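Engineer: Whole structure, please, built from the sequences with the hints as guidance.
Protein chains: 2
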Amino acid sequence: MFEQLGLIGCGLMGGSFALAMKKTGLVKRVVGYSKSPSTTDRARRLGVIDVEAPSALMAVSGADIVLVAVPVAATEATLKAIKHLVTPQMLIMDVGSTKADVVQSAQRALRDQVGSFVPAHPIAGSEVSGVEHADADLYNGRQIILTPTELTHTDQVERATHLWQALGCRVTRLSPQAHDGAFAAVSHLPHVLAFAMMNSIIGQDHGDDFLSLAGPGFRDFTRIAASDPKMWRDILLSNRHELIVQSRRFRQALHDIEQAMEKGHAQSLEDLLTLASEARAHWRMGAQKTAKLRSSPVDP
Amino acid sequence: MFEQLGLIGCGLMGGSFALAMKKTGLVKRVVGYSKSPSTTDRARRLGVIDVEAPSALMAVSGADIVLVAVPVAATEATLKAIKHLVTPQMLIMDVGSTKADVVQSAQRALRDQVGSFVPAHPIAGSEVSGVEHADADLYNGRQIILTPTELTHTDQVERATHLWQALGCRVTRLSPQAHDGAFAAVSHLPHVLAFAMMNSIIGQDHGDDFLSLAGPGFRDFTRIAASDPKMWRDILLSNRHELIVQSRRFRQALHDIEQAMEKGHAQSLEDLLTLASEARAHWRMGAQKTAKLRSSPVDP
Numbered sequence: 001m002f003e004q005l006g007l008i009g010c011g012l013m014g015g016s017f018a019l020a021m022k023k024t025g026l027v028k029r030v031v032g033y034s035k036s037p038s039t040t041d042r043a044r045r046l047g048v049i050d051v052e053a054p055s056a057l058m059a060v061s062g063a064d065i066v067l068v069a070v071p072v073a074a075t076e077a078t079l080k081a082i083k084h085l086v087t088p089q090m091l092i093m094d095v096g097s098t099k100a101d102v103v104q105s106a107q108r109a110l111r112d113q114v115g116s117f118v119p120a121h122p123i124a125g126s127e128v129s130g131v132e133h134a135d136a137d138l139y140n141g142r143q144i145i146l147t148p149t150e151l152t153h154t155d156q157v158e159r160a161t162h163l164w165q166a167l168g169c170r171v172t173r174l175s176p177q178a179h180d181g182a183f184a185a186v187s188h189l190p191h192v193l194a195f196a197m198m199n200s201i202i203g204q205d206h207g208d209d210f211l212s213l214a215g216p217g218f219r220d221f222t223r224i225a226a227s228d229p230k231m232w233r234d235i236l237l238s239n240r241h242e243l244i245v246q247s248r249r250f251r252q253a254l255h256d257i258e259q260a261m262e263k264g265h266a267q268s269l270e271d272l273l274t275l276a277s278e279a280r281a282h283w284r285m286g287a288q289k290t291a292k293l294r295s296s297p298v299d300p
Numbered sequence: 001m002f003e004q005l006g007l008i009g010c011g012l013m014g015g016s017f018a019l020a021m022k023k024t025g026l027v028k029r030v031v032g033y034s035k036s037p038s039t040t041d042r043a044r045r046l047g048v049i050d051v052e053a054p055s056a057l058m059a060v061s062g063a064d065i066v067l068v069a070v071p072v073a074a075t076e077a078t079l080k081a082i083k084h085l086v087t088p089q090m091l092i093m094d095v096g097s098t099k100a101d102v103v104q105s106a107q108r109a110l111r112d113q114v115g116s117f118v119p120a121h122p123i124a125g126s127e128v129s130g131v132e133h134a135d136a137d138l139y140n141g142r143q144i145i146l147t148p149t150e151l152t153h154t155d156q157v158e159r160a161t162h163l164w165q166a167l168g169c170r171v172t173r174l175s176p177q178a179h180d181g182a183f184a185a186v187s188h189l190p191h192v193l194a195f196a197m198m199n200s201i202i203g204q205d206h207g208d209d210f211l212s213l214a215g216p217g218f219r220d221f222t223r224i225a226a227s228d229p230k231m232w233r234d235i236l237l238s239n240r241h242e243l244i245v246q247s248r249r250f251r252q253a254l255h256d257i258e259q260a261m262e263k264g265h266a267q268s269l270e271d272l273l274t275l276a277s278e279a280r281a282h283w284r285m286g287a288q289k290t291a292k293l294r295s296s297p298v299d300p
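Chains as they are written, first to last, in full-length UniProt numbering: chain A, 1 to 300; chain B, 1 to 300.
The set of hints was computed from the structure by calculation and includes no laboratory data. Since the structure is predicted, the reported quantities are computational estimates derived from the model, not experimental observations. Watch out, some of these pointers could steer you wrong.
Because identical chains share one entry, a pair is satisfied inside a single copy or across any pair of copies.
Think about it this way: if two alpha-carbon atoms lie no more than 30 Å apart in a straight line, the pair counts; the simulated DSS-like pairs of lysine-lysine are [stated by the list, open to error]:
(1) K263 to K35
(2) K263 to K230
(3) K263 to K28
(4) K263 to K22
(5) K80 to K263
(6) K28 to K230
Structural biologist: Here's what the structure looks like:
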């Protein structure tokens, strides 16, 4: 149980965390700050936060838990701005989609207080953003990846673990590097491909006509292309090295299919599609299988 | 109103058509045939068809409407097998995802009776297949593309149009070539990319671990990768020329994003993502916009 949540960034992710904490009775009071005063005001009117703070630092004042839910590129400046009030007792987390850079930012910004910071990435979200889409159940039933380092206080990692479990999440621990490699493959590259797919179509003479004919397969395939461009600009830049590795592998897999197609090798083509189809048909979101990846699934 | 539907291919698409025709009272009796006798038997037991036919030809006997719902590569052989019983009064349609090859197959197979054949592509379907997934509402609210040629009887095109409208579809007419270009872009290439994405991941050392971490974005992006490999082998081979054109355009769009990323050009990257994001956010499935594409949206 926490007394006061200091929420920095009252968007979809931060707002949903505040609502979930309130709904489960894990926090008494939420003090919120967003860069845009109108967002903070809206968050208060929507009941997502109880009190508006005029600055990130003021949102942290008196808090025993702090969530930094800002674009990953803003993490370092945000942590620097609050460093002054961080205590060893305070649990600080982020919700960023990349972790190696966030861990480095936190070390530079928080220095001797970095042990309070537990890097976190909840595998939830939406192509829509903004506090008006905040949802107390956004994290319920989802995975959360924690990427503590040797500098992170063990008891803070435990507190973070119990907190996310109380919100209905399955908690997995990974190194920041393993996290970034995995998410380049299963999240960041799919976003890049979906963005590129849209740009490829709208760049054509008949692009608008083509779009008017697209059906449910296209709808689902491109859903993530509607994601926030600024947020994804930061994620892609931050994780570009892992992304380039994944993109090269993807191009090879694409090349294999296209070669079979162009050469009219029906059996090779069918074999390649069967591999993909069976893998996807057997996949279940959130199924437990992380033993090999230097990870530690955390027992509830 | 039709007396008897001859259904050749009792899978998801054919079965759903039979159920929709019955539900709306557009047909009195359905005689069905599938290559696999167990499928035909299952279709009858599920009430999708009323009578099992021992051959495609026998399914056509006595029918005033015929739906050929087989993989596109089997269209020609199927039409040849039934040619003997085709009459000018009979409305014959397919549901294939490619149209230029289907039109050619139909001309070769049906010859002087090709005027009865109205090539059709309903923009519906699912990553699941089989008669057990047949659904009377699969086509309701969806688009259907008809691609008649100068050989197609005008009155058959009219009958096909009214029939699909009665099933709740919006009917659009395109040339077979325009159809194949558009669907290479908005359907066939997305399938190829989703297949390649799965193969790229499972081909890696930690592929299984990566998959266990994937979330809802990945789920939707790769849904179509679970599609039937044989069916898609045929579609990709059949439309490979248009597909290669679209793939080249896509690779350029991907290259543009990756270049901005690798060079750290934050503004260019943001601009490219904004283009994609806005296009996708404004897109609505089935929104009317086909004026430029030598197409004729048909008034209900």
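Engineer: Against each hint, give a clear statement of whether it holds in the structure.
Structural biologist: Evaluation of the provided hints:
no., hint, result
1, K263 to K35, "between (55 Å within a copy, 28 Å between copies)"
2, K263 to K230, "between (41 Å within a copy, 17 Å between copies)"
3, K263 to K28, "neither (65 Å within a copy, 46 Å between copies)"
4, K263 to K22, "neither (59 Å within a copy, 43 Å between copies)"
5, K80 to K263, "between (57 Å within a copy, 27 Å between copies)"
6, K28 to K230, "neither (33 Å within a copy, 57 Å between copies)"
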